[in-house]
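Number of protein chains: 2
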Amino acid sequence: MGLVVQKYGGSSVADAEGIKRVAKRIVEAKKNGHQVVVVVSAMGDTTDELIDLAEQVSPMPAGREFDMLLTAGERISMALLAMAIKNLGHEAQSFTGSQAGVITDSVHNKARIIDVTPGRIRTALDEGNIAIVAGFQGVSQDKKDITTLGRGGSDTTAVALAAALDAEVCEIYTDVDGVFTADPRVVKKARKIDWISFEDMLELASSGSKVLLHRCVEYARRYNIPIHVRSSFSGLQGTWVSNEPRGDRTVEQAIISGVAHDTSEAKITVVGVPDKPGEAAAIFRTIADAEINIDMVVQNVSAAATGLTDISFTLPKTEGRKAIDALEKQKAAIGFESLRYDDQIGKISLVGAGMKTNPGVTASFFEALSNAGVNIELISTSEIRISVVTRADDVNEAVRAVHTAFGLDSESAEAVVYGGTGR
Amino acid sequence: MGLVVQKYGGSSVADAEGIKRVAKRIVEAKKNGHQVVVVVSAMGDTTDELIDLAEQVSPMPAGREFDMLLTAGERISMALLAMAIKNLGHEAQSFTGSQAGVITDSVHNKARIIDVTPGRIRTALDEGNIAIVAGFQGVSQDKKDITTLGRGGSDTTAVALAAALDAEVCEIYTDVDGVFTADPRVVKKARKIDWISFEDMLELASSGSKVLLHRCVEYARRYNIPIHVRSSFSGLQGTWVSNEPRGDRTVEQAIISGVAHDTSEAKITVVGVPDKPGEAAAIFRTIADAEINIDMVVQNVSAAATGLTDISFTLPKTEGRKAIDALEKQKAAIGFESLRYDDQIGKISLVGAGMKTNPGVTASFFEALSNAGVNIELISTSEIRISVVTRADDVNEAVRAVHTAFGLDSESAEAVVYGGTGR
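As given, the protein sequences belong to chains A and B, one line each in that order. Just so it is clear: in the first sequence, position 15 is 15 by UniProt numbering, and no numbers are missing. Just so it is clear: in the second sequence, position 275 is 275 by UniProt numbering, and no numbers are missing.
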């Protein structure tokens, strides 16, 4: 029996009862002969409450102090969890990100892990302890300041520790049963996926699936750490994310892993761009300089008569204002006619490594959307993903139609509570 | 203009408004040309809420994890305070006890400071920052674990930093205007003391005055750091505690500094103790082995006929059960007849260095009590203090009578809100 890293999100430790329930589960793993390292998020709404306080004292809380503030949340949950475990008769020690050796760069509020030196964790484990580690936080290499890892940070902490400690598996406990073939709030017949490859999981994550964040899956793939996403409220097997299909699940490997959707993006169309070299570069350099990440990019065929073309791209709605402002400033330099902003769009993505060798997939996808009366506005593809942009109002219907068309519906409709991952 | 250490208690930073008010005051000190180090406690009831959570998950929270939990409180208040200061256009950085170099022993929940190495604080100050430091917490020298300093810990942090940084003054901001000649909740005519010596302040603190704790004053005396206790809600001068009387206050130096009272103690009488050498030692060794601190000790004159005597002592009510149990176990070995436990007592103490050279003080003290109809049960004296034990019901009346008899009443009766120091 080897070493297991378990990560519990805020909803799993929302109150004293939750903490006691999680403590029991951790002790089970220990009793089964594992060395256990636990990464824990802040309790329930703690982080939101701290952010609210910060906004009351300062309209734009500063990076370093904001991180100092937010990291109090995990300090509370990890200490309580260690106490609850001790109360069950087992030894546990809690460690801050800094004490656990999570070394980051100095970019406050969204630091990146650059090294993990878990010497104190090893010692604690060797002495028979269960080690509880604060998720979401680290210490900067140069200034020794407290940093936070940004969204999905606790999952990343867990995977990074699993890699540094050469763990057998990184178990991500959450409030859903695993990764589903579609969002069960939208598709009642969505099925839990038993196994999915890192690649497909990466595509799902970047297409709107919220169970695991892209960053955490990317880290796990790099170090080849199997992730097991499962519910902290049940004893059920969840979804394994790994390189190699597990056990008898090889036979199940489907052409399509799932359907993801995303309504958090907006579309900007740059109208009347001179159709000559360097124009697209000028537009996207402007966007990049504003530190905005874009998603899909489409350029229409130029109308021969005018020599002008349109370029559309999608980006997070939250960045919309900033992008428009940045482009308007460069309007003369770039030489376009106007900008159109549309935040009533949705994106539907079909993900599956099997589509590489199944030429009919794209056609079936478009047929399913057409039969459901859904109009396609943009198309973008990768080797293992097809994404389309539609009206936001059409998204749910489109997801259900595609899910059914690719035979993903489960026999029995299940009602599943589905939540976000927090941090 | 030199370096000033300011300490703000939990009631001063109880909410966002309080934090903003405190931030303004800090910025004032900075604008006046001082280098400013601020020690801050947890916000209002935060600590109690954390303790409540701990008790929900574990009936006896463990030392190390309990400290990890509680220190989250200061992390929140100090980060918010730094943000609020930045919002006023000044630079501020917050530091945990560990980052500030507060090195302690490993006794969790009541660690003692053994060294202060404020290198990071110095650097922050030299760079023009206001340094905000978490009170009440440190890091253990041997294990590098987070520790807390126990009751009055934030005041002690402030004085220790003031000593290590060679500060001009340590300002303790609280919710009262300073140290009073008696508890203003009991004596409406109590006066604020402008200056008091370390020695008198130590006696007041150990006699029930709660504005400053003994430990903090002792530390300040050892390093000769003047303390200025004052209100965070007003701009008034408070009480200076120092070696040398300040300015024109020398002429004011009174015979008596103040009257303290304490109703938190109980009295144990060991009845029928053989009047021979070693008996008292056996009793107090038993108490010491149980790690109980006692206060007053009185032995009656032996009744010649029986050769038996009674020994009485006072101790915190919270330790009463433990002391009785410890003595009962040793009953046969010590050879006493019975134990009497009385928790309906109160202690009144008169404190003042002047009484050394004023022989009438003791007589006047007893006369005042007698005139008020208060019966004296135990008496204990030091060079600058007289304490008596009375019925708890008589304490308030006794304090008022003594306060008046020694001419401490102010001309005008003031209504003052009087609170504890928290931590």
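Calculated from the structure, these hints are not laboratory results. Just so you know, not all the hints are guaranteed correct.
One copy or any two copies: either way a pair holds, since identical chains are not told apart in the list.
[As the list claims (entries may be wrong)] Only pairs whose alpha carbons sit at most 25 Å apart, straight line, appear in this in silico SDA-like list of lysine to any residue:
hint: 1; residue 1: 329; residue 2: 213
hint: 2; residue 1: 20; residue 2: 91
hint: 3; residue 1: 143; residue 2: 127
hint: 4; residue 1: 144; residue 2: 122
hint: 5; residue 1: 24; residue 2: 59
hint: 6; residue 1: 20; residue 2: 49
hint: 7; residue 1: 189; residue 2: 274
hint: 8; residue 1: 188; residue 2: 59
hint: 9; residue 1: 24; residue 2: 60
hint: 10; residue 1: 24; residue 2: 63
hint: 11; residue 1: 144; residue 2: 114
hint: 12; residue 1: 20; residue 2: 48
hint: 13; residue 1: 20; residue 2: 45
hint: 14; residue 1: 144; residue 2: 105
hint: 15; residue 1: 143; residue 2: 310
hint: 16; residue 1: 143; residue 2: 89
hint: 17; residue 1: 322; residue 2: 175
hint: 18; residue 1: 144; residue 2: 210
hint: 19; residue 1: 210; residue 2: 194
hint: 20; residue 1: 143; residue 2: 226
hint: 21; residue 1: 322; residue 2: 197
hint: 22; residue 1: 317; residue 2: 294
Hint by hint, here is what the structure shows:
1. 329 to 213: neither (34 Å within a copy, 62 Å between copies)
2. 20 to 91: Classified as within; 15 Å inside a copy, 42 Å across copies.
3. 143 to 127: between (31 Å within a copy, 14 Å between copies)
4. 144 to 122: both (22 Å within a copy, 15 Å between copies)
5. 24 to 59: between (42 Å within a copy, 16 Å between copies)
6. 20 to 49: Both: 23 Å inside a copy, 18 Å across copies.
7. 189 to 274: This pair counts as neither: shortest intra-copy Cα distance 48 Å, inter-copy 86 Å.
8. 188 to 59: neither (42 Å within a copy, 43 Å between copies)
9. 24 to 60: between (41 Å within a copy, 18 Å between copies)
10. 24 to 63: between (36 Å within a copy, 21 Å between copies)
11. 144 to 114: both (13 Å within a copy, 23 Å between copies)
12. 20 to 48: Classified as both: same-chain Cα gap 23 Å, cross-chain 20 Å, threshold 25 Å.
13. 20 to 45: So residue 20 and residue 45 pass the 25 Å test inside a copy (18 Å) and across (24 Å) alike.
14. 144 to 105: Both, since 10 Å and 23 Å are each at most 25 Å.
15. 143 to 310: neither (47 Å within a copy, 64 Å between copies)
16. 143 to 89: Result: close only across copies, 23 Å inter versus 39 Å intra.
17. 322 to 175: Classified as neither; 34 Å inside a copy, 46 Å across copies.
18. 144 to 210: Neither, since 32 Å and 38 Å both go past 25 Å.
19. 210 to 194: Only inside one copy: residue 210 and residue 194 sit 17 Å apart there, 63 Å across copies, limit 25 Å.
20. 143 to 226: Neither, since 33 Å and 33 Å both go past 25 Å.
21. 322 to 197: Neither. Shortest intra-copy (36 Å) and inter-copy (62 Å) distances fail the 25 Å Cα cut-off.
22. 317 to 294: within (11 Å within a copy, 67 Å between copies)
Going through the hint list in order, the structure does not satisfy hints 1, 7, 8, 15, 17, 18, 20, 21.
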